[in-house]
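Knowing the structure of chain A, use the given hints to seat chain B on it.
2 protein chains.
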Amino acid sequence: MRRSAFFLPTLKETPKEAEIVSHRLMLRAGMVRQASAGIYSWLPLGFRVLKKIEQVVREEQDRMGCQEVLMPTIQSADLWRESGRYDAYGPEMLRIKDRHERDMLYGPTNEELITNIFAHSVRSYRDLPKLLYHIQWKFRDEVRPRFGVMRGREFLMKDAYSFDLDFEAARLSYNKFFVAYLRTFARLGLQAIPMEADTGPIGGNLSHEFIILADTGESQVFCDRDFLDVDVLGREIDYADPDEVGSVVDYFTKLYARTDEKHEQAVFEKEVPDVRRYEGRGIEVGHIFYFGSKYSEPLGARVATPEGDEVAVHMGSYGIGVSRLAGGIIEASHDDAGIIWPDAVAPFDVGLINLKPGDSDCARAGEDAYAALARSGLDVLYDERDERAGAKFAEMDLIGLPWQLTIGPRGVKAGSVELKRRASGEKEELSLEAAINKIAANNTTVSRG
Amino acid sequence: MRRSAFFLPTLKETPKEAEIVSHRLMLRAGMVRQASAGIYSWLPLGFRVLKKIEQVVREEQDRMGCQEVLMPTIQSADLWRESGRYDAYGPEMLRIKDRHERDMLYGPTNEELITNIFAHSVRSYRDLPKLLYHIQWKFRDEVRPRFGVMRGREFLMKDAYSFDLDFEAARLSYNKFFVAYLRTFARLGLQAIPMEADTGPIGGNLSHEFIILADTGESQVFCDRDFLDVDVLGREIDYADPDEVGSVVDYFTKLYARTDEKHEQAVFEKEVPDVRRYEGRGIEVGHIFYFGSKYSEPLGARVATPEGDEVAVHMGSYGIGVSRLAGGIIEASHDDAGIIWPDAVAPFDVGLINLKPGDSDCARAGEDAYAALARSGLDVLYDERDERAGAKFAEMDLIGLPWQLTIGPRGVKAGSVELKRRASGEKEELSLEAAINKIAANNTTVSRG
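Residue numbers (UniProt numbering), protein chains in the order written: chain A, 1 to 449; chain B, 1 to 449.
Careful, some of the hints might be misleading.
Same chains, same label: a pair holds when it works inside one copy or across any pair of copies.
[Said to hold, decoys possible] When the alpha-carbon atoms are kept at most 20 Å apart in a straight line, the in silico SDA-like pairs for lysine to any residue are as follows: (1) 97 - 144; (2) 16 - 121; (3) 392 - 121; (4) 12 - 123; (5) 392 - 4; (6) 51 - 136; (7) 12 - 121; (8) 97 - 87; (9) 97 - 35; (10) 12 - 119; (11) 12 - 122; (12) 51 - 333; (13) 254 - 225; (14) 392 - 122; (15) 97 - 86.
Just so you know, the hints here were simulated from the structure itself, not pulled from any lab data. Model, not experiment: these values are computed from the prediction.
Only chain A is shown next, with the shape it has when bound in the complex:
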């Protein structure tokens, strides 16, 4: 993509309404524009990031055997009356009357609808387990939306639902999601920590929040450093093997990890040796939850057992805040100059900067490099505009592409380009071919997910 053609309306001024760094950077980098309070339009740069996050989430859901569906945004109130949540859900639910004065709502979540679909489709234990997910826009009418896409009203969420015959099977489904979430966040370049969460009236210990570490996060996090040193992607998981899946869950659930709400300093000090105690800040980006027959009972999701009885299925739900992650990743990965995208979600792999596009040698070298990068399968943003070098560098740092490759008169004479790694700031002069090989080799490692 040529910068001159790319729709990238960056802002010079920091918008006053933006209280947190991800919101400021997303506005300044032209990723999003507010449409109305808590509701955003995604411009091309932001859209590319959103799609990349979505795709990683999707691939890990598919890998664990979860099947994708797509439920609508607008639902009838009837199902929510059956589950009892229509009245229970507060003013955060966007309630709507259609032209026939029927009560509708913009789904804040989808337990009722997916349970209804299941109830009308599955009758026998032989068709279990069923693991279904969708990635769809939700609406929660926050009283005071803020923090940009981190706490918006309209937001993109991956929500999955599991249907099993009994608790044992439901626990295995839960464990699969637990492992898939660890893999998902690791692939996104994030340190994610599963933390025991409240389960409400159902009880049990089958609810975990996934918190990613970010200095600017909303919660204080206390955990065992062992969480941070595990290479989750290092081994292939066989989801068909309950023991293997369970052993990963056991490893992570036995380590200390709590937010300030549940933190007990004495327990922390007793369970975790001094050198392994980690304190930091974090952001919730996922939540998994087992809730038994809470929805299957009232909505009639029952199956025949091998013995010929009929039972309500055991269910769980599993959410990842896809649009929230775009902000969360920036909170976890930025510096004073701007965003630092992890390779897996970068909107382009490389920013190509031509310092002197008006010079015919530089213009030719720039076009050659642009073509060569594309031939190597790399996604390139080529800044070939007639602008000051300083402005180009500043913009590239702001939008945070992992690599910057600079063409200038001196390098063209010497047959070299300058390659900069955004994260470390490290620069080197090398041949175009060597630069491409270096970027490509790095990307091969990244895509092992």
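Leaving out everything else, chain B in the frame of chain A:
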């Protein structure tokens, strides 16, 4: 994907409420389920088709130089008051009040919002043209929704918008979309015919509907057979060359093509020789429209000209009904036994049927074939269930995968499989390797888009 694990709740009975064939087949094949009137959930089989259609549409928009954004579903009423459409739009607009009693609406289209984004981002002719699109759910509160996804209330649409300095430039943008639409529908396996459409008070001849031919279509179509014989995908289009783009548009716009609403038999007979007269039925799946400064004036989308003046930009909008196309394709391509998917949008490339999975030789041959097909990069639905052969064949015909590959005891002994082409019903006995080569060779041709 193994059939035993795949969530495919087919129906034996034809649902009574379904009046047209695509609606009947989508329900019977377990592609969609009605959530409420005119609102559907897409189950895995339908979701796969929807995603494939979306991806073809996206690739052709990208190819012509249109950039993807994503605007929200819920919009503030304020912008629609500025354009004057808030009151003008009838009860089809879903109007909503949020918790603070602010007037919101579920976008039925996005002219206002995209014009607002443009107005706050672009100031100079140097940044033109700008071509932006998004693929997002829309809502139109039809008084009597019917025909399944063909006339639903919540529907997925690709809408694009062009911004240009003057009429000449806007006409070129219009022409690019015209050509991109021809390519899009051709890649989807459809015969699409652009027809002059009403432009309303603005006048001019820059509005075309794209109608696909289907025996069960809503409109009667009269056109020159030359439309049907052109191979639109046969040559690469250089979108940077206005003459090349214009010549394609000229070719198609000079041929006779009208729906019954505008048909004049005398003109038809005068302009089109007898042998080239085509009469059939069709379905509207796209609409392109130039509307000048209708929105840019009231919403302040103005740019500086090279001469230093300031002018309202010339705009156009360009829609494709993505979810509607899923139904439209079925209307155009089915038989008494079920759906016949064009290769480009098929939910799986091949259906693999094991006639006797309980037999150990057949089981082994089935697993081998499943693995070999996957290794060739083909997407396979493997029916390895313990069901009657007749039921398996009937289901495969119903869901309409382009190829059926059958493993049975006789073939296993002879070292052969049976390959059936769904569209023609043609069957042949051949080796597994030859069957895979045949399917792969066909798919290579299809993907030339």
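- Task: Could you work out which earlier hints the structure fails to respect and list their numbers in ascending sequence?
- Result: Per hint list: zero violations.
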